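So the sequence lines, in the order shown, correspond to chains A and C. Take 1 as the starting number for the first sequence in the working numbering and just add one per residue. Take 1 as the starting number for the second sequence in the working numbering and just add one per residue.
In case anyone wonders, no lab produced these hints; they're calculated from the structure. Just so we're clear, the structure is a prediction, and the values are computed from it rather than from any experiment. Backbone N, C-alpha and C fix where the C-beta goes; we use that ideal spot for every residue, glycine too. Wrong hints could be hidden among the right ones.
[As the list claims (entries may be wrong)] With a cut-off of at most 30 angstroms between alpha-carbon atoms, the simulated DSSO-like pairs for lysine-lysine come out as follows:
hint	chain 1	residue 1	chain 2	residue 2
1	A	Lys181	A	Lys115
2	C	Lys378	A	Lys140
3	A	Lys164	C	Lys311
4	C	Lys311	A	Lys181
5	A	Lys115	C	Lys311
6	A	Lys140	C	Lys77
7	C	Lys378	A	Lys123
8	A	Lys140	A	Lys164
9	C	Lys173	A	Lys115
10	C	Lys173	A	Lys140
[To be verified] Here are the in silico distance ranges between beta carbons for each label pair:
hint	chain 1	residue 1	chain 2	residue 2	range
11	A	Arg114	C	Phe264	36 to 46 angstroms
12	A	Gly70	C	Ser238	51 to 61 angstroms
13	C	Arg407	A	Lys123	33 to 43 angstroms
14	A	Leu248	C	Arg407	25 to 35 angstroms
15	A	Lys123	C	Gly202	48 to 58 angstroms
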Amino acid sequence: MAKNERDPIIVAEDVHKWFGNFHALRGISLTVRRGEVVVICGPSGSGKSTFIRTINRLEEHQRGRIVVDGIELTNDLRNIEAIRREIGMVFQQFNLFPHLTVLQNITLAPIWVRKMRRSEAEKLAMELLERVGIPEQAHKYPGQLSGGQQQRVAIARALAMQPKIMLFDEPTSALDPEMIKEVLDVMRELARSGMTMIVVTHEMGFAREVADRIVFFDEGRLVEEAPPEEFFHNPKHERTKLFLSQILQH
Amino acid sequence: MTDARADAGAQSYEGEVLPPPTVRVGPLRWLRENLFSSWWNSLLTVGALALLYVVGKGVLPWALAEADWAVIPASLKLLLVGFYPEGELWRVWTVLFLVLGLLGLSAGLWGKLLREAAVIVGSALLVLLGVLLLADWGERLRVGGLALTLFGGMGLGWLLRLRVAPPRQRPWKRVLILCWFFLPVAVVLLLGGIPGSGLLAGVPRTQWGGLLLTFALAVVSIVLCFPLGVLLALGRQSSLPVIRWAAILYIEVIRGVPLVTVLFMASLMLPLFLPSGWRVDNIIRAITAFTLFTAAYIAENVRGGLQAIPKGQIEAAQALGLGPVLTTFLVVLPQALRAVIPANVGQFISLFKDTSLVFIVPLMDFLGIALDIIENPKWGGPAREMLLFVALVYWFFTYFMSHMSRRLERALGVGER
């Protein structure tokens, strides 16, 4: 079955969000299907981070509807926690817990939220560390790792909850250039394994290679969405063309 | 420092890894670099030496020749335990043996931090034994026994640590933790007795005094005020207005009132709140006052720590599906409390010293008894000796606390950003 025929797992309809008087999201509608990899790009301040943060309710949307895996996001706290358990998130600043070791960072949520046994959670954590390529760092603290290693731990931590969806909020923007590849490699592998992913990034090479669809945001609006080939070679909107010419030139 | 080398498999290129250069510093060079590096530092050094000379010239001859230190060993029992009945003193000794034995065992079995604490306490005991102060051989024997218990326990714990495989150590550790947990109960029962039972006659708390009382007040107040302070800090951050305003009101009222006033209030007004017929003894009143007072300050310290936690930490916890309670207790508080160890220990040190205000309630704590002895006409004014001794004892315990807090900070700071 082709990915565009599968059932939708995230449906956003006419989502609006204001910060005070600032209209940050101005009616975003986007459907993501199971197993799809969607890359969101756009200039800074265009609302792309804000939008993916509304999907797990780190930001509250004020108008419109967001349905994740059949559950609508409302003020009902149980819904929010249920949805957050199904969505993993990776942040620009890693946000690892500095007082816990790598292993404790990864096992924390499985033990306390999923009620997994410690031994079981640790086994899972080691498998995930193996997958992201740094099992030997299990007993170190985040502060002892490089940025790239920290971000890979953050990915393993999110995966430990065995989520159905992974959100990436500019996962490589805080990294030194030499470390970007090691993180992108992990994300590539994850995409190939069939994970549903929404990735906010400026890494156009990654987008071209991995994305099923690229979505372009500007000034709180979803300006254009297209498969990578079409997006890069035949953009329809002037704003998209300008953006592409600016980021592809340097 | 990030350890990128291990991961990148570096050093594969030809580059020698050199040890850092060793620098040998002779005494003369040390003097020049540390004391006389500039004309200003030289001036400071000379000035400080002059000051030391003047103070030493004034104090030393007096301390060594004129001072009548005999007052201290003679009144040591009063200073340490107040009017605790002579015949029941074995209970105090038993408590000391229990605590030090437990400390020794734990120090041997666990890491560096406890071991350092045990070594400091043990050394203090040996100094006490070596210097003076102990009136008779029975006491010397018991203090020696205490030191022996402490170091013996440490040796035993150390052996256990070396000879028993780590997973098998776990039950031992659990037993020890359980012992610590029940220690307060045992101490209270031993010292206070069980009124009406044939085994341990009750010792009325009016007879507790001296350093024993100072310790009882400080330890119980510290243990109670800490959780209360944390709760108040969390309350002050609460999104529920009623809780938030109640916490703010409490904190600001208490911080706006001198401790002496709170003590007076506790001793005069506490009975008004309680049902008639309830009688609360002075020690409980004092502990209530110290706890309520210090909790407000702890709350403000902890609030500082809570506010220093980056928002990303909370978002990461939420994104993992941790609810507000788990986020607070697993992610926010451990980091916040660690950040405010120095401030909180500072508060505990203040509390320890402020227990000397209990003469208001009235109780006879360490300082109170010392002042009483000074006023006793029989001694004819050994005020200096007595006060110096009291100051030294307070200094020892407060310095011990601040030293251990610094070590705790360092031990917990492992691998932090």
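Output the numbers, in ascending order, of every earlier hint that fails for this structure. Of the numbered hints, 1, 2, 6, 7, 11, 12, 14 do not hold.
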